[in-house]
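Student: Given chain A, work out where chains B and C should sit, using these hints.
Chains as they are written, first to last, in full-length UniProt numbering: chain A, 1 to 248; chain B, 1 to 248; chain C, 1 to 248.
Treat the hints with care, since some could be wrong.
Same chains, same label: a pair holds when it works inside one copy or across any pair of copies.
Subject to a maximum C-alpha distance of 30 Å in a straight line, what follows is the list of computed DSSO-like cross-link-like pairs (lysine-lysine) [said to hold, decoys possible]:
no.: 1; residue 1: Lys76; residue 2: Lys155
no.: 2; residue 1: Lys66; residue 2: Lys97
no.: 3; residue 1: Lys76; residue 2: Lys138
no.: 4; residue 1: Lys2; residue 2: Lys164
no.: 5; residue 1: Lys9; residue 2: Lys66
no.: 6; residue 1: Lys195; residue 2: Lys164
no.: 7; residue 1: Lys80; residue 2: Lys164
no.: 8; residue 1: Lys28; residue 2: Lys95
no.: 9; residue 1: Lys93; residue 2: Lys76
no.: 10; residue 1: Lys155; residue 2: Lys93
no.: 11; residue 1: Lys148; residue 2: Lys75
By construction, these hints were calculated from the structure, which means they are not laboratory data. All values derive from a computational prediction rather than experimental measurement.
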Amino acid sequence: MKVTFPQAKEIKNILPAIVSFLSEGTFKANKDGIFLSSLDPANVAVILLDMYPNMFTEYDIQDEEKFTINLEDLKKIMTKVALKNQISWEIDKEKNKFVLTVYGKAKKVFTLPLIESEGSFMDLPSLELPVKVEMDSKAFYDIIESAKVIADEIKIVADPDGPKVSFIAEGELKDMRIDLTPQDESVLSMEVPSKAMARYSIDYLYKLSKVARISDTLTFKLDSGKPIWIDYKSTDKFKFGFVLAPRE
Amino acid sequence: MKVTFPQAKEIKNILPAIVSFLSEGTFKANKDGIFLSSLDPANVAVILLDMYPNMFTEYDIQDEEKFTINLEDLKKIMTKVALKNQISWEIDKEKNKFVLTVYGKAKKVFTLPLIESEGSFMDLPSLELPVKVEMDSKAFYDIIESAKVIADEIKIVADPDGPKVSFIAEGELKDMRIDLTPQDESVLSMEVPSKAMARYSIDYLYKLSKVARISDTLTFKLDSGKPIWIDYKSTDKFKFGFVLAPRE
Amino acid sequence: MKVTFPQAKEIKNILPAIVSFLSEGTFKANKDGIFLSSLDPANVAVILLDMYPNMFTEYDIQDEEKFTINLEDLKKIMTKVALKNQISWEIDKEKNKFVLTVYGKAKKVFTLPLIESEGSFMDLPSLELPVKVEMDSKAFYDIIESAKVIADEIKIVADPDGPKVSFIAEGELKDMRIDLTPQDESVLSMEVPSKAMARYSIDYLYKLSKVARISDTLTFKLDSGKPIWIDYKSTDKFKFGFVLAPRE
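So here's chain A without its partners, still in its complex pose (with noise of 0.2 Å):
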């Protein structure tokens, strides 16, 4: 397997949102993308990305492979290359090694050793979840921002009647309420068929959402007592989601 990024951007910032959760990654690699989906130490989140075979210049991959690699130096060596430069990602199967090229203003190559994967690629399973919002991803990090001034959880309460979609946040006598409607300026699209409460993490949407940066948009989908799957719109080039279990 050969791919190259004509630019790192993409992959450098998706990176840190990955790595607060993962340190390990298995990709999956065919003629169809590179894919990763990992469940993270604490089984709370899947951490999704797809990267298709239009995100690179130069794609050579013959038969299907999967790879395990450390995601956290691959994150410390992404830190020093510029957003603008070409890298590629090559498996070198002798050596078993992973190989990072950047080419900068000098040519730098960079070896990983590949980790025994532990079957830790995740097909995950197919989830109705009835409410659906598209919205600014800047709008949604920033509810998130400010519930985690008060409290460690979020109450998602959509109500049909409206629509409506409330992000509730309690701390011990302090409280948080945000009411989204289908006429907020951030938002684009809302469906509510039925009403669905549902509590989450606020640390872990926090992290996540941190990566609002690399698309302008977000879709968010949930039901009562059901995980949220958040995708953050891409170009046909790559895909960048997670899938985040709910509180009791």
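Tutor: Just chains B and C now, with coordinates in the frame of chain A:
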């Protein structure tokens, strides 16, 4: 009581300086304005904030009321508010709550409990402080910042012969001396009717003068063995100042 | 001795790099310039700073004199000085003081004690270092910064066949390799008369090469088992460089 600030900027910028001295604040609100006047826990400085009715676009206060809130919580919430967001403050007497509403991309409502006031609103006695200097606030901050490198106490010496006002910091072996005269670019006016000398904590002056960005100019007044009174020049909308006790 | 720098910029920018190695510095001042040449406490690097008379707008030095001052104190004071402020250095022999005057919005006078010199001015022996590369300082810093992620030691291998100069960092399992050739955009000139290989501490190179902003280009010279000598290109006003001992 309900009042609306057309933008969060002024109150958001002042809060960090206030909170570095006061964790709780008692406000007195009447038809003349909303006032804070509190002695810090170490009994060394009185923090003063006056907000006049014309600072607000909505100003609904019937009878004088005092209320005490946790300023650290208020600051944490304000940290997430954009400078130009409109905000309102409201007292919900029935629920014994302080309600802060932020009109951003989405409307956010925060509530904080009202705290039992411990008579912490301080009516200041009038003080005769003949030495008076009006100067650039950035230049004042600059002097204090430099002095901080040398010592933890600054000696201010005013001499009518000149006139000049000298700032002297003396460390064990190293020292700093700065002479201000009416001719200095950063001095707008200087009145020194008689000699005076007093010492103040640099730490306090540093934390307080960090608010320099609020306002371009300040006025300080002092006398031998008496407090230094600093007022940040402001529009007719609000005033921020503090009174710092001298060191022996 | 009294000298005046038309602006604080150069000395202010160099000080943090110098202070990360030397807490005290002995200067030799004579009619040819003011020179610093000190071995760091770990006896691994010699820090070199030459400031020539045309760096100054006032240069009053009669007889050669050496003086030692605490560079950390000097740096702390300089931190608060604006880049374009004029400053002067003066030795007050009677009071045994170093006097730093800053001509900013207000004139500030700082004094530091002169320290008993312990013969710490080091006259360097001449060194034959045939491998010589002149390159972009930002690109050099970039290489060291990337290598720092991988290991704490960098191997530099020079090969006349090419010619090329390779930077190799080897971690436990991961590694990095960068080949520089005269064709690289960041290389201005390269002389490799013979093969050479030497290892140096990345930590030292990193801290030292952080001063890259001082100057756009640098020249490094080395030989097998010998020190690396790095000079930052500068005008005819001043020169900054260092000599770093090889690792075994």
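Student: Indicate which option fits the pair Lys9, Lys66 if close means a Cα-Cα distance not exceeding 30 Å: within, between, both or neither.
Tutor: Only inside one copy: Lys9 and Lys66 sit 24 Å apart there, 52 Å across copies, limit 30 Å.
Student: As a check of your reading, is Lys28 near Lys95 (CA-CA no more than 30 Å) within one copy, between copies, both or neither?
Tutor: within (19 Å within a copy, 56 Å between copies)
Student: Quick one: Lys195 to Lys164, C-alpha cut-off 30 Å, is that within a copy, between copies, both, or neither?
Tutor: Close inside one copy (10 Å), not across copies (68 Å); limit 30 Å.
Student: Have a look at Lys148 and Lys75 and pick one of within, between, both or neither, based on CA distance no larger than 30 Å.
Tutor: Answer is both; intra-copy 26 Å and inter-copy 13 Å each pass.
Student: At most 30 Å between alpha carbons: which applies to Lys76 and Lys155, within, between, both or neither?
Tutor: between (35 Å within a copy, 20 Å between copies)
Student: For Lys93 and Lys76, with the copy left unspecified, which applies at a CA distance of at most 30 Å: within, between, both, or neither?
Tutor: within (23 Å within a copy, 52 Å between copies)
Student: For the identical chains here, do Lys2 and Lys164 meet the 30 Å Cα criterion within one copy, between copies, both, or neither?
Tutor: Between copies only: 26 Å across chains, 47 Å inside a chain, cut-off 30 Å.
Student: Taking 30 Å as the upper bound on the Cα-Cα distance, should Lys155 and Lys93 be classified as within, between, both, or neither?
Tutor: Answer is between; shortest inter-copy Cα gap is 26 Å, intra-copy 48 Å.
Student: Have a look at Lys66 and Lys97 and pick one of within, between, both or neither, based on CA distance no larger than 30 Å.
Tutor: within (13 Å within a copy, 56 Å between copies)
Student: With 30 Å as the alpha-carbon cut-off, assign the pair Lys80 and Lys164 to within, between, both or neither.
Tutor: between (44 Å within a copy, 23 Å between copies)
Student: Since the copies are identical, ignore which copy is meant and state whether Lys76 and Lys138 lie within 30 Å (CA to CA) inside a copy, between copies, both or neither.
Tutor: both (26 Å within a copy, 19 Å between copies)
Every hint, counting from the list given before, is met by this structure.
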